[in-house]
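Following the hints, position chain E against chain P.
As a plain string of letters, each chain reads:
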Amino acid sequence: MFNREILIALAIFEALVLGLGFALSGNNYLMLLAAQVLLFAVFVAAWNIIGGLTGQLDLASSAYMALGGITTSLLWMKLNVPPLLGVFAGGAVAMGLAVLIGLPTFRFGVKEVWYALMTASLVVILNNLFRYTMGPWDFYLPSKWGLIYLRPRTYFELFLIIDVVLVIVILVNVYISNSKIGYYLRSIREDELASESIGIDTRSYKLRALAIYSFITGAAGFLQIVIYSSFSYRLFDTSQAISIAIMGIIGGLGSISGSIASAVIFRTLGEYLRSSLGGVFPGLDLLLYGIMLIIVGVLKPEGLAGLFNQIRRWLGK
Amino acid sequence: MTPLDLLVAAGQQVIDGVFLGLFYAIVASGLALIFGVMDIINFAHGDLIMISAYFTWLLSMTLNLDPLFSMLLTLPILFLIGLGIQKGLINPVLGKEPLIQIAVTVGLGFVLQNIALGYFKAEPKGYPAPLFSGGFSLGPFVIYESKLVSAVVSLVVLILLSRFLAKTKLGLAMRAVTDDRASAMLMGINVGRVYLLTFAIGMVLIGVAAGLWMEMGQVTPYLGTSFSLVSWVAVALAGLGSIQGLIISAIIIGVAQSLGSLISPSIQMAVVYLIFFFILWFKPRGLFARR
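Line order of the protein sequences matches chains P and E.
The numbering used here numbers the first residue of the first sequence as 1 and each following residue consecutively.
The numbering used here numbers the first residue of the second sequence as 1001 and each following residue consecutively.
Isolated chain P (complex conformation) (with noise of 0.2 Å):
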């Protein structure tokens, strides 16, 4: 399951993440980006389960952060739940949502476009309804701090949070992938009629990629929150749903040190470009997302995982 290989790649990518954790420590305004890297690669890469593996092109991803979100930030703000366990009451509420909406969607095979489109409208359905019930405010979450709220004093531990997070999300990918469900998952993507004709039952395993993307992506979602320190209804937000699917494309499907590799390098790039020309070209961060997409999508539709493999076939020679 857990191959030689893999642990020393993820002990690799680990002694990189923490080495350059270490290395920004000293400035907040820094490690506050890492740390929105390393959470966007955490959506990424759950994102790969229902997108990558199983082949549905999901475009809710922001819809399940912040249904889960909320509902963490509301749990502790109302009932004194604190957000340690509230996380996984608020993956629970986004897992359910997926599954009510996912059962009669895939009974009644709605799938490719349709299924990109249904899962868009999902976020603006719920960005109506959520501004219709909490208007249009931004909530703040209380003054406390502690590794019991998940809200730690230094933006470094926050950082170490979201890092052991990617860790868990990555370990799951691996598991997934390797196991039977992921073989099950690979061939509903590559031909869903004939993995039904030789017997798997598609409907349930799409439905089970889906709960679980959308369980880690409903629990993260409250570390996003912490980001921002507060929350809205905008939250709800198609770009940035759409930001993750892209960065899975570009990534190459189903490759999970893919995926992770386009969600840090584009990322920070887009970063950069906004904190350095953000005052005058707004959006050339997503500019760059869709010129790479165009370029992946024309040219190299197996993504950054092909060109790896390249590498490495280069490299072996």
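Hints are not guaranteed to be accurate.
[As the list claims (entries may be wrong)] Reference excerpt, derived from the structure (chain P facing chain E, CB under 8 Å, subset only):
1. Val174
2. Ile249
3. Gly279
4. Phe281
5. Gly297
[Unchecked claim] Mimicking BS3-like on lysine-lysine, the simulated pairs with C-alpha atoms at most 27 Å apart in a straight line are:
6. Lys1096(E) - Lys111(P)
7. Lys180(P) - Lys111(P)
8. Lys180(P) - Lys78(P)
9. Lys1087(E) - Lys1169(E)
10. Lys1087(E) - Lys300(P)
11. Lys300(P) - Lys111(P)
12. Lys1283(E) - Lys111(P)
13. Lys300(P) - Lys1121(E)
[Stated by the list, open to error] If you only want the chain P side, here are some residues facing chain E, beta carbon under 10 Å, derived:
14. Leu57
15. Tyr132
16. Gly283
Treat the hints as calculated values from the structure; they're not laboratory data.
All C-beta atoms, glycine included, are put in the ideal place defined by N, C-alpha and C.
Leaving out everything else, chain E in the frame of chain P:
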């Protein structure tokens, strides 16, 4: 509010909804045509409308011309741009998996959106004094001229489109390709040329939608997302292959949205997308599909 007031308010929303729906029909027509004939999934549709709306606005401001007229100037240019997009971006992904098509067109949409944001910034842009800006009352209801005009123009353009598809050689070829690409090819139809012209004509319809929008409202870089979604909802509701079906579906959407805004303006789109969910679940071929 007395029941009578409520009835009048609802009636007003239905009237506005029908006008809005006719406008949505022209918004969705380009997508329906391109998706139907070429089987290409275009997620950039709304963003193409958005960028064309800026184009119309720019012409209107520099020439001091009403959007309804500057729109006419944009159409031939958009036709040429359509040829270019088809050659450069769409042709390479024709017949590829849906995911790749979605990826490329989402990428195109992101590029257009952020070019607009970078160049025009986020403040809404509108033409200050459109030709039709007033309104008149009809019994207890108010009719806004700009909405009426845009509804009438889109209806006329759609009738012309349906004549074109029914009567001309190119239109027949487009319908033949929609129904069965392989047989159409065997009958000697140059499918590549049909695709090229379909996309270009789709761009012209996009230009008309953009011009009508500028007569009624303002454009922001984020306008595209909602136009894309509404167009896809209309296509899902209508099914492929019938312009009348598309018009009726678009009117249903417009009225639903209008009545939704009676509850609260912030949930009007939620109402439309809920309809979308139920259509996909229970009537995935749409209400008026020819096949």
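- Query: Is the hinted pair Lys180(P) and Lys111(P) satisfied, with a Cα-Cα distance of at most 27 Å?
  - Reply: 23 Å, holds
Please verify whether Lys1087(E) and Lys1169(E) have alpha carbons no more than 27 Å apart. 23 Å, holds
So if I understand the rule, the pair passes when the alpha-carbon distance is 27 Å or less; does Lys1087(E) with Lys300(P) pass? 18 Å, holds
Notebook entry, point to check: Regarding the hint that Gly283(P) lies at the interface with chain E, is the smallest CB-CB distance below 10 Å?
Noted result: 4 Å, holds
- Going straight from one Cα to the other, do Lys300(P) and Lys1121(E) come out at no more than 27 Å? Violated, at roughly 32 Å.
Hint validity - Gly279(P) Cβ closer than 8 Å to any chain E Cβ: 11 Å, violated
27 Å limit on alpha-carbon distance, applied to hinted pair Lys1283(E) and Lys111(P)
Given pair Lys1283(E), Lys111(P) holds - Cα atoms ~14 Å apart, limit 27 Å.
Between the alpha carbons of Lys1096(E) and Lys111(P), is the straight-line distance 27 Å or under? Distance of about 16 Å is within 27 Å: holds.
For this session: Below or equal to 27 Å on CA atoms is what counts here, so check Lys300(P) against Lys111(P).
Result: 24 Å, holds
**Report entry** Minimum beta-carbon distance criterion (8 Å), Gly297(P) to chain E
**Finding:** 4 Å, holds
Leu57(P) was flagged as interface toward chain E. Is the shortest Cβ-Cβ separation under 10 Å? 6 Å, holds
- Item | Minimum beta-carbon distance criterion (8 Å), Phe281(P) to chain E | Result: holds, 4 Å to nearest chain E Cβ.
The structure fails hints 1, 3, 8 and 13 (numbered hints given earlier, in ascending order).
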